[in-house]
Amino acid sequence: MTTASPHGDDARSGGPPDLARRLAHALACAAAEPALSGVLLFDLDPRLVRTVADLFTLLLTGEEQPAAVPFTLGSESRDEDLWTRSRLIREADGLAFRTEPGPLVHGDGRPGPPPLAVVPDLGRLSVAGMRAAVQLLSADVAVVERTGLRLAARPRTRWLAACRSQDAGRLSPHLLDRFALRLPVAGLRLPPLETLLHPDALPAAWRAAALHGVPATRVTDDTLTRVSDLLGPEAGARRQLALARLARTVAALEGERTAVPRHADTAARLIGLAAPERRPADPSSGPEEAAPPPAPPDATAGDGGRTFADGRRDRARRPARTGEPLFEPEPAEGLGPASGGAPNGPATPFPEDETDAVRDFAPLRSPWQRRTGASSARGPVIGTRRARDLRDIAHVRTVREAALHQRVRRTERFTVVPVDLHSNIRAGTPERLLVLVLDHTCRGDDWDWQESLSPFLGWAYTERAAAHVVEVGGAHAADELRAESFAARSLLDPRLMPALYRPAGRATPLAHGIDLAVQGLRRAFRQHGAGLAEAWLVVVTDGRGNVPLRASRTGRLTAEVGVTGVEDALTAAAGLGAMDRTRLHAAVVDAAREPYGDLPFALADALGGQVVPGRAPRRTAGGEGR
Amino acid sequence: MNAAAEGPRILPYSRVVGQAELKLALELNHVVPRIGGVLMAGTRGTAKSTLVRAFALMVHGELPVTLPINATDDRVLGGWDLDALIKGETRPQPGLLEDAHTRGLLYIDEVNLLDDHLVNIILDVVSTGVLSVQREGLATAKQLSFGLVGTMNPEEGGLRPQLLDRFGLMVTAGQLGAEDRHRMIRTVLDFEEHLGGSDETGWLADAERDTAALRDRLERARQNVPGVRVPDDVLRLCAEAATRVDAVGQRGEIVATLAARALAALEGADRVEPGHLLRVLPMALRHRRPETAHGGTFGWGPEDQDRVADLFPAP
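In the order they appear, the protein sequences are chains A and D.
Quick note on our numbering: the first sequence kicks off at -12 and runs consecutively.
Quick note on our numbering: the second sequence kicks off at 3 and runs consecutively.
Treat the hints with care, since some could be wrong.
Pairwise CB distance ranges, derived in the manner of DEER restraints [said to hold, decoys possible]: (1) A:T558 / D:D118: 54 to 60 Å; (2) D:T142 / A:R74: 29 to 35 Å; (3) A:R378 / D:P94: 27 to 33 Å; (4) D:T92 / A:I380: 18 to 24 Å.
Covered, in the sense of this in silico footprint (three residues per stretch, anywhere, with C-beta under 8 Å from a C-beta of chain A), are these stretches of chain D [claimed, not checked]: (5) 47 to 53; (6) 68 to 79.
Bear in mind the hints are in silico, worked out from the structure with no lab data behind them.
If you're wondering where the values come from, they're calculated on a predicted model, not measured in any experiment.
Beta carbons are placed, not taken as given, at the ideal position from N, Cα and C, and that holds for glycine.
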């Protein structure tokens, strides 16, 4: 990746580039229309998050008012940081304590500009943050029922999130679907804010609408049909509704009282969606059509409208037809950090439809783990107890305890004494994790691998570790091209024992198994912050994977396999290299099968781990074939 | 503190497009509250939450008692009003379970994402019918009874079998066809347009009138339920159908009978016919089949229907 500044200089061109202009237009729509409160930018340069947030804030609050500082959510965000805020207030008779709505809901039910929440990396957002997003975005009512606070109001907070398009497939579609406005912005270069906010780029009427909202606007039936064509038959209802609302807002910003199909086209262009050719019967096409950016000579769009400007949509399955490109890839526009502005990611507002990444396991559920060590400071609060130190004090509980004794103490002011102090009891968060990758096709009838695994299982049992089991090549797998996995609270989970003795199937999707394990580990380390103290990845295999990763992901085996299955496994294993090796250990239990007896060693090298002898090697003249 | 609620902007119940099964389940549960609640499963964007809120607004005139997935246990169980405590007053603050008892219904959005410790609390109360609080200077035990209404997206994980069984009926939201989807978007945009401007065409007034007519129909059915007879042969049919689908426990049969009775009342009949039972069987039994109770699919397919079809006379 280039290190060129993403903050462009527009002096030579005389105005902001198209992508920046579209972004500003989209943000103005999101500011003006509460139903478009969630903005998700794919492949935004991390250095631009702050600038885009500043732009959004300026649109929401106007330049006359002091800009509120946007609230940032990340991997460390907890429920108590998001929903409530404890305040000490000086009053005439001393300090008073009050619980107020937290940063995500403090603007609800109140006048003034809506607050802005910024998620710099949606892929790394904590579980609490993701759950908050699911509860608030696109919701009719936000309900908060937390200690000291009851609230039910229409959510007003606008969200600005950034996400790498390659992470989109990992995330919960349930979460992604809540963001009404999504833009691919790979290669975005932003001119100074004053250029973007100049009336030539962002008309004064739009800025006024962003501040005060837009008037009621009618949407014609033709426009809805156009929206449906643009998104295609497979699009969910939320996407259609979001694009229709965007078209309505675009029309309202232009001062129109009725949204017509061309507004749907403009809306599609705004979010980087390509459109199929307009039907000739459509009366709104023609002279009133806004001029699209010039089409690249090879631009294509697919049937049903679900194609994108980069033509990445599965052309093999769908007949291609000439389209009307509404979104110009960066090279022709000279945008982007690299010379020529090559896009860094797929230019589609719905990358999760295109990606072949594997989804996280139950990403919106609070993790359940047990622990042996000191109580965790990061899990969800499940109660309070008398404090033993000053860490993680439960303020409300403490004040409540103090309140009970005020009359007895006969002090003039509200007094909190040490005996009132209570701290939170928190549910366990991941502290230790055993990830087991079991390649059933390497076990054979001559080896009971439990003996080789017992040191690891013993560690996991005594440390109360959670277990994540990935099964490769089981006889009863739903799809033999794919590995299967499950997460268990502990080794005592009833699914574990059958998993250890599953009969072998025909295929060995080892690469997929390693990939699942690496993803599980990455999620455990990333999203649960510093909670994970130690993790072991134990792979029992002979290394002879025979299913390429792509075949596992797509579910189709299309070409000769050759060594791809093995190479993909090594590549997937290398993904572990960047993780915190002081807390993560890896081991490969060698099944000692011939030929290719060195594969487990190669895998251990790629994982950065050690090889543990498993089955006693038994060499025969012809080797052992599978 | 209690923050004031801004007026909800929920699509009127009579204007929610499609999802006939979801609507029917809510209506049956209202006509015979002893059914014990409704679980709605469906993929994203199928108007599950909207439907529940719109229904509550229609029949109660206010939003349902809602348990958010991140509620704290003192708000669920009840405790002290903090602002009053600081002023030296002791004012108990009822929890959501008590509120639900008063209003008959507890709504849990994204119920499959609810934290385990809250699920345990709810299970304790709904299975014993007693809310016992012995903490923070409170010592109370109250008899509570309420129906559970939950919505969930099965893509995000399942429910514990014990909790699943506590929902009287379970329905799955289907995806709308192209025409219905067009109507749905048309309706939502019309609703927003009329809310934002003047209701010159009377759109909102028409919707309110239709909703009121629906409410009256439900109230009439509620009053008529005691007069609806349940013949013995329908009870036998119900027991046989539950056996055929290997329903776990007996709650399924009881709920199916109650729901069939409610349906008969809704349709103005004075006795339950086998056809009433056949229509409500999937709602009452789909989540009590062994494969569903242990994390399988919620679908009620043709093979499920075939297992019970020959019990019922052909229509």
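Going through the hints against the structure:
1. Distance hint for A:T558 and D:D118: a CB-CB separation of about 37 Å, inconsistent with the stated range 54 to 60 Å.
2. Distance hint for D:T142 and A:R74: a CB-CB separation of about 30 Å, consistent with the stated range 29 to 35 Å.
3. Against the hinted window of 27 to 33 Å, the Cβ-Cβ separation of A:R378 and D:P94 comes to about 30 Å, which satisfies the hint.
4. Our hint of 18 to 24 Å for D:T92 and A:I380 holds, since their Cβ atoms are close to 23 Å apart.
5. Interface restraint, the stretch 47 to 53 of chain D with chain A: holds (5 residues with C-beta to C-beta distance below 8 Å; minimum three).
6. Check on the stretch 68 to 79 of chain D: 11 of its residues sit with their Cβ under 8 Å from a Cβ of chain A, so the three-residue criterion for coverage holds.
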